[in-house]
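Trainee: With the hints as extra help, turn the sequences into a complete structure.
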Amino acid sequence: MKKTVFCVISVFLFLGIMGVAIAEQLPTICAVHPYTGRFAFAGIEGAAAMQDVVDMTNEAGGINGKKLQYFWADGEYKDDVGIAAFKRLYAQHKPQITFGQSTGMTKALGPEIKDRYKTLYSAYTFAEEAANPKVNPYLFLPGPTYVDQFGVILKYIAKEKPGANLAFFYSDTEFGREPIAAGREMAKKLGLKVVAEEISQVGGVDLATQILDMKAKKVEYCIFQGFVSNPIASVVKQSKDYGMNIKFMGTFWSTEQQLLNELGPLAGEYTGVSAYSFYYQNDLPEIKKIQAWTKNKFPKVQYRSQSYMAVYMSTLLFVESFKRADKMPGGFNKPENLVKAFQSIKNFDVGGLMPPVTINDNSIPVGRVYRGNPSTLKFDPISDWVRLE
Amino acid sequence: MRSGDFKENYISDEAIFPSLFARFWVAALLVFLLVFPFIANNHLLYIANMIGFAVIGAVGLNLLTGFTGQISLGHAAFIGVGAYTSAILVTRYGFSFWLSIPLAGMASALAGALIGIPSLRVKGLYLCIATLASQFIFGFIFVHWESMTKGITGIHIPPPAIGALHFDNERKFYWITLFFVLLGVGYARNLIRSKMGRAFMAVRDRDLAAEIMGINLFRYKLSAFAISSFYAGVTGALLVNFLKVVVPEQFSFMVCIEYLAMVIVGGLGSVIGSVFGAVFMTLVPEVLSVLSDIVKEAAPEMASLIVPFKQVVFGFLIVSFLIFEPRGLVEIWNRIKKFFLLWPFSY
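Protein chains in written order, with my numbering: chain A, 3 to 391; chain B, 5 to 351.
Please note: incorrect hints may appear among the correct ones.
Calculated lysine to any residue pairs in the SDA-like style (CA-CA distance at most 25 Å, straight line) [as the list claims (entries may be wrong)]:
1. Lys341/B x Phe10/B
2. Lys248/B x Leu24/B
3. Lys176/B x Arg118/A
4. Lys69/A x Val299/B
5. Lys176/B x His95/A
6. Lys297/A x Ala303/B
7. Lys120/A x Ala303/B
8. Lys154/B x Val204/A
9. Lys190/A x His148/B
10. Lys69/A x Ala303/B
11. Lys248/B x Lys190/A
12. Lys190/A x Ser151/B
13. Lys176/B x Tyr119/A
14. Lys136/A x Lys154/B
In case anyone wonders, no lab produced these hints; they're calculated from the structure.
Mentor: Below is the structure:
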């Protein structure tokens, strides 16, 4: 009798332990989104995008039959809060893949992710430091770096008006300054002249000094970096008031619907580079899928931003990496497998959200130039996809 | 039967821990702090380290603002000076972490003393603005002195080590943080009962009267700035060595506001109040985050309401404390102590 009881208990214990082991093996993504704070416009959309891809994946059978888990927390766009949230999520869920809220958080956590956590990691950033597989193979960008985006813009200008006078108009932040030094060098190589560099606060409104300086220096193209909408809309409007004829351009975060809404009839004055297609590009299969999903699950939502598209793209790559790593010896619980799986992605069809994706140095150096349309207040593509070496 | 807390000589009046009650709770706290790293996970240890840094910085600011009455809006800049000094000494000049900490404190103390010079001529809001200038001056230096600070890219710092022992995770770093917290709090507690501490309080209460009594205002005001900034420098050095990276955006103006909030919520003119304030301002948002995560998991469709609501609750808590206990958390602690001092016959 005692032996029987002992055997039954042993079997239950064994199954229990196995159950825990199996539970631990589920593919898990943990994300810190800037759901509140000054980057909340991106965080709210990003949290929704990640949840949507996870739900779509699970509805389609998960990761080779395994349910994909997703947990997130708010990082308030503060590095210390974000790092605390990351560590809390990691302690609770032991994810194989993580997602961070900012460049600062990525820089702070980078060494630990490489040496200790060993999770495939991406974030709300396009900083070069997060795309250097030789230094840190676990970090990747779901698009081109800010420097790459500057490259797309400068090549476009060099083709449209060789030898043009440029101004770099950037915020006095890490985000604003990131591509400026490389931009100067690229402009020089392309035969463009950087005649002015203007610095402003994010959301600044008193911009007469910078605008008059650009007028005095006969600037023909002004490239914004490090802003979302203001002061871009103010600069465009005020420069028109001063009778200037500058062409305004910008990188990913400002190439967004919100800016066109603020510019109104001046929407056609802004041209920007983005790595993703827009929600209203109805002819693309992945966009159609997102539209149908949104209409079905969130009927009140009328638009999904470029922040949504960026995180959606990251999550698609996470899912693909999970699927590929799952087939390797050791599966996706072996960190090196996830890195190998991710880096093996070549010509991966994402239904027009981007051109077929090939990972190059842990980033996707592809961009497209869009111009605002004042009659529709939407962005129209004015170039094909530009691939950067 | 005991009916009050009577002091019969100067030695007992000057004791750091004047009652059995205080000694008991300090001993209990020490035991808890020593046991904590063995029972806590990495997340809790991360929070503990952050609380430790906040305690050192808040105690420093309270020495200046609470005890000497000099308002400073440059605390984040002084934290930054210490952070960059340590990072540069360790990475560029090969100094050990252990030597870089006092040197970082000294660099900040020097910067603080310089910025404190206007305090001899201006007070109150005017001094606020004068110290605010340091925030912008040092902020500019952190970004633009690229040859030294590496500008926006920042500096990556290797973990501290003693021989083969590397303090490269929260658990190991906890011991460093605890050591400096005990040192910093202990020194401050001693300082305020010394001649210098009494001079600080005299300056705070009425600087003209203090000068007439023979207190050298120049010396003591600048000393308060230097000591406060030394604490800030040590805070910065510890913080960036813990995070292993230093970038200019870690020392924004909001950091000054957070530290001022710590000393006001905790209790101006109280060392233990600074500790309470630092714990409150670091721990409560984290607790609220955990609670909002739990509610969010239970009702994901309400996330857009629940997650931002934690900040409303935090703001409400701060305002409530200031309304119901304007003298800070330390006053609540004092009331608890008084209750137990005469318990069970309190009246």
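Trainee: Checking each numbered hint in turn, tell me which of them this model violates, lowest number first.
Mentor: 2, 7, 11
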